Amino acid sequence: MSQADLTMHGHPTIAGQPPFSLSAKKMAMWLFIIADTATFAGCLVAYGFLRNATVNWPRPFHSITNVALMTFILVTSSLTMLFGVRAAQAGSKAGALRWLYTTAGLGIVFAFLHVREWLALIDEGMTLFHNPWGTGLFGASFFSITGLHLTHVTGGVIALIVVGIRYNTGRYKADDLEVLGLYWHFVDLVWMFVVPMVYLLNLAH
Amino acid sequence: MTTAQEHKSGGMKQDLIVYLCILVLAAIQFVIAYQNIDATQMFFRMLIVSLVEAGLALLFFMHMWTEKRAFMWAAGIITVFVLLTLQYSWTDAFRLSNGVPWAK
Chain G
267 MSQADLTMHG HPTIAGQPPF SLSAKKMAMW LFIIADTATF AGCLVAYGFL
317 RNATVNWPRP FHSITNVALM TFILVTSSLT MLFGVRAAQA GSKAGALRWL
367 YTTAGLGIVF AFLHVREWLA LIDEGMTLFH NPWGTGLFGA SFFSITGLHL
417 THVTGGVIAL IVVGIRYNTG RYKADDLEVL GLYWHFVDLV WMFVVPMVYL
467 LNLAH
Chain R
19 MTTAQEHKSG GMKQDLIVYL CILVLAAIQF VIAYQNIDAT QMFFRMLIVS
69 LVEAGLALLF FMHMWTEKRA FMWAAGIITV FVLLTLQYSW TDAFRLSNGV
119 PWAK
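Going down the list, the protein sequences come from chains G and R.
Be aware that the first sequence starts at 267, since it is given in the working numbering, and climbs by one per residue.
Be aware that the second sequence starts at 19, since it is given in the working numbering, and climbs by one per residue.
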């Protein structure tokens, strides 16, 4: 009996069963997230190595207001993303789009605050290889880690807008929003490690 | 998501509770940053809080809790293994910070 015959007669086949009962899109996103976890972890461990092995590591941050606000915005955007997915699953297209675009808006505000912070640090004389406070490695590690995260946020905002448009036209379904939600929550999750390692441990006391 | 999974995932009330827990944990990290303790202690305290935050986000925001346990174990073991092997470089970082002539 051929594979096609087995499928036609309703018998489950090994090839026909999705691994862990996850859809192909969801599985692909999880694999991406696992790989990206290794990328961010590699960056943070390398940063920790440099920080630990360097004597005159700078502590340039005097205020936590900006980073606290950024954290609040990103965590809140995760909640709005959840609401968007739930609205889509409940069949409320208008509700899903409203929450989806709110999430994108919060992502844009986060990116704006991040860029504003970068510009303030550049104004103070911090570049990739130089800063007025200590080892030049600080700029390289700070900009690469926060830059990698900002790239993810920017990509996420673009994805939110594109998926929102396609969901509105009926090309994408609630499942697609859920898959995008996984990515957005992952970006939020990474920020939970970037904040203490890169900002809070470098507060000027 | 099936109806059973929706029921298991808890709904909007659960989302709000997890969201508030994550915000409180984030606030605790900011409090730790102003504690008068040495950098190593501060690092480990913050890391523990980050891990709890990440766990909550993974289980409830990313709905890992409602996926099959086999998937949770497979993804978890692979990720934790990779994260642990990355810690390989720390001994050299400590050697550099404590052992080289210009360190102290």
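Simulated from the structure, these hints should not be mistaken for lab results.
From a predicted model like this one, the values you see are computed outputs, not experimental measurements.
Backbone N, C-alpha and C fix where the C-beta goes; we use that ideal spot for every residue, glycine too.
Please note: incorrect hints may appear among the correct ones.
To be verified - Taking lysine-lysine and the BS3-like style, the derived pairs with C-alpha atoms no more than 27 Å apart in a straight line are:
#, chain 1, residue 1, chain 2, residue 2
1, G, K292, R, K86
2, R, K86, R, K31
3, G, K291, G, K439
4, G, K359, G, K292
5, G, K359, R, K31
6, G, K439, G, K292
7, R, K86, G, K439
8, R, K31, G, K292
9, G, K359, G, K439
10, R, K86, G, K291
11, G, K439, R, K31
12, G, K291, G, K359
To be verified - Label pairs and their in silico Cβ distance ranges:
#, chain 1, residue 1, chain 2, residue 2, range
13, G, H328, R, T58, 16 to 24 Å
14, R, I95, G, G413, 36 to 44 Å
15, R, D56, G, D389, 26 to 34 Å
16, R, W108, G, S358, 43 to 51 Å
Claimed, not checked - Below, a sample of chain G positions facing chain R; criterion: calculated Cβ distance under 7 Å:
#, residue
17, S287
18, S289
19, I300
20, T303
21, N318
22, P326
23, L335
24, T337
25, I339
26, L466
For each hint, the structure was consulted:
Of the pairs offered as hints, the one joining G:K292 and R:K86 holds, with about 13 Å between alpha carbons and a cut-off of 27 Å not exceeded. Proximity of R:K86 to R:K31 is assessed by CA-CA distance (about 23 Å); at most 27 Å being required, the pair is judged to hold. Simply put, G:K291 and G:K439 have alpha-carbon atoms about 12 Å apart, close enough for the 27 Å limit, and the pair holds. With a CA separation close to 21 Å, the supplied pair G:K359 and G:K292 stays within the 27 Å bound.
For the given pair, G:K359 sits about 21 Å from R:K31 by alpha-carbon distance, which is consistent with the 27 Å threshold. The suggested pairing of G:K439 with G:K292 holds, with an alpha-carbon distance near 13 Å, which does not exceed 27 Å. For the hint pairing R:K86 with G:K439, the CA-to-CA distance comes to about 22 Å; that is within 27 Å, so the pair holds. Between R:K31 and G:K292 the CA atoms are separated by roughly 25 Å; this keeps the pair inside 27 Å, and the hint holds.
The hinted pair formed by G:K359 and G:K439 meets the criterion: a straight-line CA distance of about 10 Å does not exceed 27 Å. Between R:K86 and G:K291, the direct Cα distance comes to roughly 16 Å. Compliance with the 27 Å bound is thereby established for this hinted pair. For the proposed pair G:K439 and R:K31, the alpha carbon gap of about 24 Å is at most 27 Å, so the pair holds. Proximity of G:K291 to G:K359 is assessed by CA-CA distance (about 21 Å); at most 27 Å being required, the pair is judged to hold.
Remark: the range hint 16 to 24 Å for G:H328 to R:T58 is upheld by a beta-carbon distance near 23 Å. The supplied range of 36 to 44 Å is broken by R:I95 and G:G413, whose beta-carbon atoms lie about 31 Å from each other. For R:D56 paired with G:D389, a C-beta distance near 32 Å keeps the hint of 26 to 34 Å intact. Judged by the Cβ atoms, the range 43 to 51 Å given for R:W108 and G:S358 holds: they are separated by roughly 50 Å.
The restraint placing G:S287 at the interface with chain R holds, with a minimum CB-CB distance near 6 Å, inside the 7 Å limit. For G:S289, the shortest C-beta to C-beta distance to chain R is roughly 11 Å, which exceeds 7 Å, and the interface hint is violated. Taking 7 Å as the C-beta contact cut-off toward chain R, the hint placing G:I300 at the interface holds, the least distance being around 6 Å. Contact between G:T303 and chain R, as hinted, is supported at the beta carbon level, the nearest pair being about 6 Å apart and thus within 7 Å.
Using the Cβ-Cβ criterion of 7 Å, the hint placing G:N318 at the interface with chain R is satisfied: the shortest such distance is roughly 4 Å. A hinted interface residue such as G:P326 counts as satisfied when its beta carbon comes closer than 7 Å to some beta carbon of chain R; here the least separation is about 14 Å, so the hint is violated. The restraint placing G:L335 at the interface with chain R is violated, with a minimum CB-CB distance near 11 Å, outside the 7 Å limit. For G:T337, the interface hint holds, the least distance from its beta-carbon to any beta-carbon of chain R being 5 Å, beneath 7 Å.
About 11 Å separates the beta-carbon of G:I339 from the nearest beta-carbon of chain R, more than 7 Å, and the hint is not met. For G:L466, the suggested interface contact is upheld, since its CB lies about 4 Å from the closest CB of chain R, less than 7 Å.
Violation of the numbered hints given earlier is confined to hints 14, 18, 22, 23 and 25; the remaining hints are satisfied by the structure.
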